[in-house]
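Trainee: Residue numbers (the UniProt record's numbering), protein chains in the order written: chain A, 1 to 338; chain B, 1 to 315; chain C, 1 to 390.
Rather than coming from a laboratory, the hints here were simulated on the basis of the structure. Note that the coordinates shown come from a computational prediction; the quantities given were computed from them, not determined experimentally. For each residue, glycine too, the CB sits at the ideal point set by N, CA and C. One thing to keep in mind: the hints can contain errors.
[As the list claims (entries may be wrong)] Here are the simulated lysine to aspartate or glutamate pairs, DMTMM-like style, with alpha carbons at most 20 angstroms apart: (1) A:Lys57 with B:Asp299; (2) A:Lys57 with A:Asp215; (3) A:Lys60 with B:Asp209; (4) A:Lys60 with B:Glu204; (5) A:Lys199 with A:Glu36; (6) A:Lys57 with A:Glu91; (7) C:Lys156 with C:Asp125; (8) A:Lys199 with A:Glu135; (9) A:Lys57 with A:Glu82.
[Stated by the list, open to error] Now the stretches of chain C that chain B is said to cover, found in silico as 3 or more residues with beta-carbon under 8 angstroms: (10) 75 to 83; (11) 172 to 184; (12) 231 to 237; (13) 370 to 378.
For reference, the chains in residue letters:
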Amino acid sequence: MTAPVLSLRDLRTEYRTDRGTVQAVRGIDLTLQRGEILGLVGESGSGKSVTCMSILKLLKRGGHITSGVAEFDGRDLLQLSERQLTAVRGEKIGVVFQDPMSALNPTMTVGRQIVEVLLQHRKISRKAARDRAVELFELVRIPSARTRIDSYPHEFSGGMRQRVMIAIALACDPDILIADEPTTALDVTIQRQILALLKELRDRLGMAIILVTHDLGVIAETADRVMVLYGGQVMEEALVADLFAAPCHPYTRGLLAAIPDPRQAGRPLSPVRGSPPDMRTPPPGCPFAPRCPQAMRICETPPPMFDATGNPALQAGQRARCWRADATAPAQIFETPS
Amino acid sequence: MSSASRLPIGWLVQRVAMMLVTLLAVITLTFALMHAVPGGPFVSEKMLAPEIEAALNAKFGLDQPIWRQYLNYLGGVLTLDLGPSFKYPGVSVNSMIADGLAVTAQTGLLAIICVVAFGVPAGIVAALNRGRWPDTAAMFIASLGIAVPSYVIATVALYIFALRLGWTPAFGLDDWRGYILPVFALSGFWMSFVARLTRSSLLETMGQDYIMTARAKGLPAHTVMLRHGLRNSLIPVVTVLGPVVANLLTGSFVIEQIFALPGIGRHFVQSITNRDYTAIMGITIFYAAFLMLMILIVDLLYLWLDPRISYGDRK
Amino acid sequence: MTRPPIAPEMWLPLDPQTGQLGDPIVSTATRGFWAGVRGRLFRHRPAMAGLVFIVLLIFAAIFGPMMSPYSYFEQNLELSNLPPTYRPYTVTDNTLVHVNTSNLNLYEVSEKGGLTALLRPDDRDMINRQSTWVIDDREVVLDYSQRPAVLTIDGKVAQAGGLAMNNRNPFGTDQLGRDVLVRQMYGARISLLVAAAAVLANFVIGVIYGGVAGLIGGRVDAVMMRFVEIVATIPLTLYVILMMVVLQSGLLSVVLAIGTVYWVDMARVVRGQILTLKSQDYVAAARTMGASTSRILFQHLLPNAFGPILVTLTMLIPSAIFIESFMSFIGLGVTPPQASWGTLTSEAVETLRAYPHQLFFPAVAISLTMLAFNFLGDGLRDALDPRLSS
């Protein structure tokens with residue numbers, strides 16, 4: 001395996017609000033290989049979006065990174081100044097946001113919004129930038145690119161707008177594309193088209209993609225590897241096939257059980273009971289323990305990350321933050337069906 | 001609805017037609033109100049001989065039936081003739097307006113310039129320093145500016161700067177310093193209002209998703225702020241420019257009174273105290289027409305600023 | 001990785017009763033909407049300061065004039081233009097006088113420190129520009145041949161003493177010798193009365209007009225809103241002025257003029273709210289169950305539109321107070337001897353050169369009142385819509 005394009009170690013991010021400090025991300029490790037699609041999955045508030053936005057220090061007001069290293073291109077992104085970061089944002093790492101309705105400036109033509117990135121990072125003429133913008137429009141399959149480029153965002157449909165966003169993010173051939181819930185605001189057919197487009201673009205351009213979603217279906221369809229986040233921590237990490245075949249963490253199992261299965265129509269869904277923890281005062285041990293159907297006394301102690309070296313039941317590359325994966329745990333516990 | 005043909009001719013025609021209807025309503029309303037005043041216009045005068053009153057009534061057409069008077073007046077307005085003044089023989093309402101227009105327009109224009117030139121930057125500075133002292137200071141002053149009535153600002157300023165310190169003349173517009181206090185008093189409220197609006201609008205805009213997109217593109221902070229933040233945040237500021245014009249007009253009534261400026265506002269207030277009904281009607285109609293024109297201009301400005309708006313299609 | 005072995009009992013299922021993890025189902029408590037609004041409003045300090053001021057003002061307006069020994073119209077030309085504070089001159093140990101350097105009068109200072117009587121000079125020498133009084137066998141001379149005038153007692157130049165309060169009239173008197181304090185409180189009455197009238201008109205006319213337009217919709221709505229649009233084109237101040245011309249000056253006319261005109265904004269707000277709410281499911285549900293239009297309006301829609309209505313009201317109150325004082329200032333409002341903050345200000349402007357302090361009280365009163373209502377309005381708006389608060 002070659003060196004990862006991005007490696008994130010012990011990232012911690014907080015949000016200060018009027019009503020207390022929210023510990024949004026609590027020590028996340030992440031490695032992203034060249035050309036892979038890494039899925040980050042979790043409920044809202046699990047810290048998946050904040051993790052992504054922390055990489056580029058694109059935090060909303062009140063948010064700040066308290067510790068961590070984000071190694072990219074031989075540098076720690078978290079140590080860069082705002083000015084140095086502008087050379088990375090949009091140039092080396094592109095971002096696609098969730099809601100294409102609000103993520104595009106409504107008073108600027110989409111063409112200008114693409115040309116703007118190119119002029120910022122490339123020493124090219126306005127004319128050349130415009131030609132490149134048309135090319136990008138064609139790349140993301142926007143029909144009649146040459147005329148559509150002078151339209152305003154409100155003159156596009158949701159799916160087309162998201163294509164515009166992808167074109168903007170890819171304008172400078174980035175090494176990494178961060179796609180933060182890129183299909184959540186779209187309807188299902190459009191969603192499939194966008195996901196297919198992302199995969200195809202990865203195959204053609206070879207960039208790595210971090211795909212944030214709350215939808216395991218999206219992961220199954222698109223991602224190579226997946227990390228399940230909960231309470232600001234990684235609960236489980238595995239290749240997509242392994243995760244679906246042999247989930248280790250009770251939370252992952254809960255998520256999988258909550259997916260409707262057409263082959264078992266009529267069977268009631270079993271949603272994960274309860275609601276996510278209040279991240280101003282996260283539970284002392286495993287964040288999922290209060291909702292976990294298999295919680296044990298040990299779960300009030302924060303579990304470490306277990307991997308295949310400690311537990312032969314885990315696949316290579318699979319890691320889980322659950323005491324049940326502990327080598328010293330009584331055998332029957334791991335086997336307890338969910 | 002491509003972006004090339006954005007000036008909606010149909011909308012404009014409809015708009016102007018609506019303006020004319022509104023103007024007709026205003027003319028009718030003021031006419032009705034002025035003729036609803038108990039007694040005739042010459043009643044408050046010192047006892048006039050019946051034949052003189054009859055002659056006066058005949059001169060101003062008051063001996064004719066009311067519908068006839070209304071049609072006459074309407075005809076006059078359509079030919080841009082607002083009739084003679086009741087009080088000043090030989091003076092027409094048109095000439096009264098023409099007489100005061102220069103003064104009112106000058107101070108009004110200066111006040112609008114002040115509103116934009118000081119209000120908008122103050123709001124930007126406050127937003128950029130959110131929660132720090134420049135924000136607190138600017139917003140405190142703006143709260144005062146909104147609360148303290150213009151006539152109080154005017155009289156206090158008059159006392160301090162003209163009477164006490166002697167820096168500015170107490171009345172008239174003989175040199176440039178004469179403009180300072182009236183323009184300040186006239187624009188104080190709207191400067192404050194615009195400062196607060198700009199601040200909150202800019203803060204709201206800077207919280208929008210597309211600002212995050214602009215940052216994610218790697219644009220420097222000031223480019224994000226100016227190119228993406230400011231322009232969009234100024235859209236609501238433009239919408240209040242219509243009301244600003246309206247309020248500067250009514251504000252001028254008292255400001256022109258206090259500083260003894262010979263503008264339309266002063267003529268208006270004088271015609272009220274003089275019960276000069278034709279002048280009151282004429283100036284009101286002039287104000288209404290002027291305002292509607294301003295609102296139309298603001299709407300067109302809005303169209304240019306915000307491409308999402310299309311006046312052409314109706315829901 | 002070395003760590004101490006885990007005790008076997010740790011692998012037993014977690015008992016929620018003994019565990020410290022809490023119940024996940026009720027992990028986030030939600031407060032009621034209005035409880036939240038109240039909480040946020042109470043924490044908004046300017047709004048609370050404004051509220052306290054308004055309550056005090058209401059008390060002063062209602063009870064103040066009753067408790068004052070003076071009435072708002074009672075004139076006393078001998079004691080006109082008295083200051084709230086002054087520097088007395090000592091004639092003898094128990095006789096103090098106050099000199100008004102603008103009208104060159106001498107006033108007797110009572111034991112309690114009030115300015116109680118005008119002292120008429122025993123001799124007026126117009127040519128040499130001096131007046132002479134004989135007080136307690138001492139000769140008091142005011143020489144006004146130069147400015148400022150000089151007071152001599154038995155030939156010696158007298159020095160003014162320390163600042164004293166005018167206990168008779170704590171805010172001084174106006175140019176007709178009326179007590180400024182009682183007139184101020186009377187002015188507060190008028191302002192609050194006008195505010196109350198505007199609120200009433202808003203509620204009755206605005207809410208019903210807007211509610212009916214929004215609820216019936218269609219052609220009726222279009223016509224009704226066209227009318228509002230026409231009214232809204234012209235500034236309300238202009239309408240009020242025209243109404244005043246027709247109705248003649250007076251408090252009742254002011255109230256009538258403001259009442260007939262000040263409902264337009266409210267009508268728009270209510271209509272907008274109704275249109276938004278109408279499309280919501282619970283109204284459709286009520287309709288399906290056979291609720292009548294008026295029942296839907298009063299039981300379902302208005303309670304939900306209450307927030308925006310309240311905010312519009314608190315914004316309208318200061319503007320109604322302002323317009324009354326504005327009208328009174330330009331002489332179209334209340335008639336003398338009634339006192340409004342507007343007339344008090346314009347009276348103060350007449351005497352601005354000689355007695356600038358007379359401007360102080362009405363200017364401060366109207367400004368603080370406007371400020372208080374604005375602060376309360378801002379606080380209420382922020383409390384109702386926490387998203388907007390900064």
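Trainee: Which constraints among the numbered hints does this structure fail? Numbers only, ascending.
Mentor: Checked against the structure, the hints that fail are numbers 1, 2, 10, 11, while the rest are satisfied.
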